[in-house]
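**Q** Read off the chains here:
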Amino acid sequence: MSNDIFVVVEQLKGKISDITFEMLGKGREMADALGGKLYAVLIGSQCAGLADELGKADGVLCVADVRLANFNPTAYKHALGELVRERAPRLLMIGNTSMGMDLAAGVSALLNIPLIAYCNNLRVEEGKIVATAQIYGGKLFADAEATGDQLVVSILAGSFSADAGKATGGAPVEEIKAPLSINGGAGVRFKQLIEPEAADVDITKQDILVSVGRGIQSADNLELVEELANALGGVLSSSRPIVDNGWLPKARQVGKSGATVKPKLYFAVGISGAPEHLEGMRDAGLIIAINSDPKAPIFDVAHYGIAADLFDVVPALTEKIKEAK
Amino acid sequence: MDIVVCMKQVPDLVEELELNDEGTGLNRDYLKLVVNEFDDWALEQALLLKEQNGGTVTCLALDTPEVDTTLFTCLAKGADKAIKIEGDFVGGATSHQAAKLFAETIKTMPHDLILTGVQSVEDLDGQNAVLLATYLGIPHVSVVTGVAVNGKVATVRKEYAGGMLAEFEVDLPAVLGIQAAPQAPRYAPISKVRAMMKEKKINQVTPTDGQVDAGVRIRRLFKPESGRHAEMIEGDANAVAERVVGILKEKALVK
Ligand SMILES: Cc1cc2nc3c(=O)[nH]c(=O)nc-3n(C[C@H](O)[C@H](O)[C@H](O)COP(=O)(O)OP(=O)(O)OC[C@H]3O[C@@H](n4cnc5c(N)ncnc54)[C@H](O)[C@@H]3O)c2cc1C
Ligand SMILES: Nc1ncnc2c1ncn2[C@@H]1O[C@H](COP(=O)(O)O)[C@@H](O)[C@H]1O
Chain A
1 MSNDIFVVVE QLKGKISDIT FEMLGKGREM ADALGGKLYA VLIGSQCAGL
51 ADELGKADGV LCVADVRLAN FNPTAYKHAL GELVRERAPR LLMIGNTSMG
101 MDLAAGVSAL LNIPLIAYCN NLRVEEGKIV ATAQIYGGKL FADAEATGDQ
151 LVVSILAGSF SADAGKATGG APVEEIKAPL SINGGAGVRF KQLIEPEAAD
201 VDITKQDILV SVGRGIQSAD NLELVEELAN ALGGVLSSSR PIVDNGWLPK
251 ARQVGKSGAT VKPKLYFAVG ISGAPEHLEG MRDAGLIIAI NSDPKAPIFD
301 VAHYGIAADL FDVVPALTEK IKEAK
Chain B
1 MDIVVCMKQV PDLVEELELN DEGTGLNRDY LKLVVNEFDD WALEQALLLK
51 EQNGGTVTCL ALDTPEVDTT LFTCLAKGAD KAIKIEGDFV GGATSHQAAK
101 LFAETIKTMP HDLILTGVQS VEDLDGQNAV LLATYLGIPH VSVVTGVAVN
151 GKVATVRKEY AGGMLAEFEV DLPAVLGIQA APQAPRYAPI SKVRAMMKEK
201 KINQVTPTDG QVDAGVRIRR LFKPESGRHA EMIEGDANAV AERVVGILKE
251 KALVK
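Residue numbers (the working numbering), protein chains in the order written: chain A, 1 to 325; chain B, 1 to 255.
Heads up, a few of these hints could be off.
Stated by the list, open to error - Listed next, the in silico PhoX-like pairs over lysine-lysine satisfying Cα-Cα at most 25 Å (straight line): (1) A:K262 / B:K249; (2) A:K205 / B:K249; (3) B:K107 / B:K81; (4) A:K15 / A:K250.
Stated by the list, open to error - Computed Cβ-Cβ distance ranges for the label pairs, DEER-style: (5) B:G162 / A:P172: 28 to 36 Å; (6) A:L224 / B:V90: 37 to 45 Å; (7) A:P172 / B:D209: 39 to 47 Å.
No lab work stands behind these hints: they were computed from the structure. All C-beta atoms, glycine included, are put in the ideal place defined by N, C-alpha and C.
Looking at chain A on its own, in the form it has when it is part of the complex:
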């Protein structure tokens, strides 16, 4: 085993995702602390182009094959697994994203390397890698370490600065042949990407969003929050369960699998503040949260918090805003 660190590059439609740079920045720090090298692992149809943006790494390990043109959970797992088996890095960093979820647990189980998921910080302490993970919907953090020497971590988006992982110029590229185990996609075949349906309003372009979560209890009650949005001249958005229940269209969803928004004002009404929701709104200008649970994680990112029943506060607020106009 080496003291090297691998960062798995995530890309979609030829564009490298921010999470990659976030990991490269932190990875650089960790490689320097451990005295190892930092490698960006690029899996795809070609190495040219993308590798030019990965200069923060000491090198790019590129597994290029036409069969890897699109993300494929099992084929990518085997391509990455083979490389990790051969090179035995100390730490493998993967985004805790839709793609990363298939890879991180996949490589962990394939090679018997411990995995710490939902990681939002990493440090080296007396030669040991300590990872901080955000669990129980963000209500608790865990400082954890591997029982062995190697470790896989999956990193929550937004944990580290993306700018710290960007550099001018590329890194030397080593091309690696895809292993036989990716044949036939290992039982999974990519068919197509499906773009989101066109929406009536674009929540990423609003100055004011009033977002509603499961605390609202039923579709009938949505009206209450919509009135607040209207009084403010803003738009109604929501957390994921509201959309999964079919109460609002998908285009209104804020978060990891919805939209990333940055309005001037974001009201979070009856939203707990799970990491997947925070990913989509933590950079809003002014965040005001209403939640009956004073310990709800939403209060850790909100500027102002109201620990009260939304059914009391929201109507009163709507009234006062109307009066103020």
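Got chain A; can you put chain B with the ligands on it based on the hints?
**A** Then chain B with the ligands, alone, in the frame of chain A:
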């Protein structure tokens, strides 16, 4: 088509989470457990597939406290069988341990499709679906929001960021980590759950091999000491509303 759904019980986040004396885990003495919400979606997807294609649905769970109610609820919703994996899980099980035990159990039963929830609030060491599939050596896709089965192939939709979907064809048997189903999880009335408790039986199994090497040690579990905690606005609804309007006016957010 034989569908297996893995059910997991997790701490109810509505309740206060208390730490153990060492500060390395939860105090589980009075811990209230509930079904992982994504498992309910996985079960819904399984029941919809059964309605469309025929076959059976079997729910599988570790023997955690009060898991019987969870499994009888599965039966009341329309699952055909319920199986409980015996063992000492009072202190909880890691994702790797659970996946290994599920894998050992599933190997011994007919399975074309295995559905699990995409994740749970307790997956410190990773998500079950992919671990399970890898231990079984079969294909996996996680973060799935739609499944259609045709013979020995499933067409599935995986969610990416921003509402983008990727469609895959998956050879069965396979494991899918379910994020959501086409319709919200159905409800089973208590009377029906009670009837199941009288009519049906939960099968018990004891897998022989549940060992995993990939271990994680928790040094410390703690409440986040956030650098940025909200300024809390106190008072009755009117006072709170007054104050909020003041803040919004100051920032020129209401005119
Ligand atoms: C891969 C993946 C992607 C995901 N993507 C997203 C995403 O894009 N966006 C997203 O939001 N989630 C996403 N999630 C789901 C996420 O994990 C949470 O389940 C979700 O954010 C919870 O939504 P919520 O806060 O509305 O509900 P809950 O967590 O149930 O919170 C409801 C809150 O309402 C409060 N409440 C209850 N009653 C009242 C009352 N009367 N007055 C005031 N407050 C009250 C409660 O205290 C609680 O804090 C994703 C999950 C996965 C696995
Ligand atoms: N909800 C779904 N999830 C996954 N696949 C689907 C779903 N609905 C339909 N399909 C499959 O996706 C293909 C395109 O479906 P459609 O978008 O309905 O035209 C079809 O071949 C279906 O088998």
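**Q** Compare the structure with each hint and give your call.
**A** Results of checking the hints against the structure:
Restraint check for K262 of chain A and K249 of chain B: satisfied, since their Cα atoms lie roughly 20 Å apart, inside the 25 Å limit. With a C-alpha separation of about 22 Å, the suggested pair K205 of chain A and K249 of chain B falls inside the 25 Å cut-off, and the hint holds. In summary, the hint linking K107 of chain B to K81 of chain B is supported, as the alpha carbons are separated by about 16 Å, within the 25 Å threshold. This hinted pair checks out: K15 of chain A and K250 of chain A have alpha carbons roughly 24 Å apart, not beyond 25 Å.
Evaluation of the 28 to 36 Å hint for G162 of chain B and P172 of chain A yields a pass: the beta carbon distance comes to about 33 Å. For L224 of chain A paired with V90 of chain B, a C-beta distance near 43 Å keeps the hint of 37 to 45 Å intact. Between P172 of chain A and D209 of chain B the C-beta distance comes to about 44 Å, which sits within the given range of 39 to 47 Å.
When each numbered hint is compared with the structure, no violation occurs for any of them.
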